[in-house]
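Line by line, the protein sequences give chains A and B. Just so you know, we're using the UniProt record's numbering here: the first sequence kicks off at 1 and counts up by one. Just so you know, we're using the UniProt record's numbering here: the second sequence kicks off at 1 and counts up by one.
Calculated directly from the structure, the hints in this document are not laboratory data. Each hint should be verified, as a subset may be incorrect.
[Unchecked claim] With a Cα cut of at most 25 Å, we get these calculated DSS-like pairs of lysine-lysine:
id, chain 1, residue 1, chain 2, residue 2
1, B, K105, A, K38
2, B, K38, A, K84
3, B, K54, A, K105
4, B, K71, B, K84
5, A, K54, B, K54
6, B, K38, B, K71
There are 2 protein chains.
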Amino acid sequence: MANIYDHAYELETALRNSEEFTQLQEAYNAVMSDEAAKQMFDNFRNTQIELQQKQMQGQEISEEEVEQARKVVETVQQHPQISKLMEQEQRLNQVINDVSRIITKPLEDLYGAGEGEQQ
Amino acid sequence: MANIYDHAYELETALRNSEEFTQLQEAYNAVMSDEAAKQMFDNFRNTQIELQQKQMQGQEISEEEVEQARKVVETVQQHPQISKLMEQEQRLNQVINDVSRIITKPLEDLYGAGEGEQQ
Ligand SMILES: [Ca+2]
Ligand SMILES: [Ca+2]
Numbered sequence: 001m002a003n004i005y006d007h008a009y010e011l012e013t014a015l016r017n018s019e020e021f022t023q024l025q026e027a028y029n030a031v032m033s034d035e036a037a038k039q040m041f042d043n044f045r046n047t048q049i050e051l052q053q054k055q056m057q058g059q060e061i062s063e064e065e066v067e068q069a070r071k072v073v074e075t076v077q078q079h080p081q082i083s084k085l086m087e088q089e090q091r092l093n094q095v096i097n098d099v100s101r102i103i104t105k106p107l108e109d110l111y112g113a114g115e116g117e118q119q
Numbered sequence: 001m002a003n004i005y006d007h008a009y010e011l012e013t014a015l016r017n018s019e020e021f022t023q024l025q026e027a028y029n030a031v032m033s034d035e036a037a038k039q040m041f042d043n044f045r046n047t048q049i050e051l052q053q054k055q056m057q058g059q060e061i062s063e064e065e066v067e068q069a070r071k072v073v074e075t076v077q078q079h080p081q082i083s084k085l086m087e088q089e090q091r092l093n094q095v096i097n098d099v100s101r102i103i104t105k106p107l108e109d110l111y112g113a114g115e116g117e118q119q
């Protein structure tokens, strides 16, 4: 038991010290310390969350909303610091997804073998 | 980068060799090797998944369905091998949630500090 948590904390430290995380940190701080960039980024995030929530709740999304969201995405993509931040987020997400797949492999092996041949 | 994955694989091995996982494996195999228990468990899981999907899609769940689900839960809880399996699943889920919270702490620290004081 302690063993699992020891390894989890070691992994946490490795993630925290990784190039992926430190570069995300830099990109995030660059955006947050620029008031205009921060507002643009917050606006982008809020728009995304709003649309996702509507989608999950099965609410209809109007053409105007789709168009508005498209414009917000276009704007942030043209902002060097924000697009850098989004790129770093994607890189770290990839690492987190990989890690998550690795550590849940035992469960996948167990439940994936559920049908057919008994182990 | 390699460092992160090395630690992830070490964590995976620790999880796979943990008492929590090996006991889950035993409980799962005990249910799967008993045809009646397996059918009861599959029925329980399918009922759960069906209701969750309806809920997520905002569909109404009838009184009959709630009552039916309640009966299925009652039945599996009274089955020693299945209730043992569910208990072991909860134990491992707790460990996985703890691990997940530990390794995403850097992101929580970064984004949680987003408002208010700059770092
Ligand atoms: Ca099997
Ligand atoms: Ca801050």
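Hint-by-hint comparison with the structure:
A distance of roughly 23 Å separates the Cα atoms of K105 (chain B) and K38 (chain A); the hinted pair therefore holds under the 25 Å criterion. A C-alpha spacing of about 50 Å is found between K38 (chain B) and K84 (chain A), which places the hinted pair above 25 Å, so the restraint is violated. For the hint pairing K54 (chain B) with K105 (chain A), the CA-to-CA distance comes to about 29 Å; that exceeds 25 Å, so the pair is violated. Under the criterion of a C-alpha separation no larger than 25 Å, the hint pairing K71 (chain B) with K84 (chain B) is consistent with the structure, at around 18 Å.
Distance restraint check for K54 (chain A) and K54 (chain B): the Cα-Cα separation of roughly 16 Å lies within the 25 Å cut-off, and the hinted pair is therefore satisfied. Pair hint K38 (chain B) plus K71 (chain B) holds up; C-alpha atoms about 17 Å apart against a cutoff of 25 Å.
Comparing the model with each earlier hint shows violations of hints 2 and 3; every other hint is respected.
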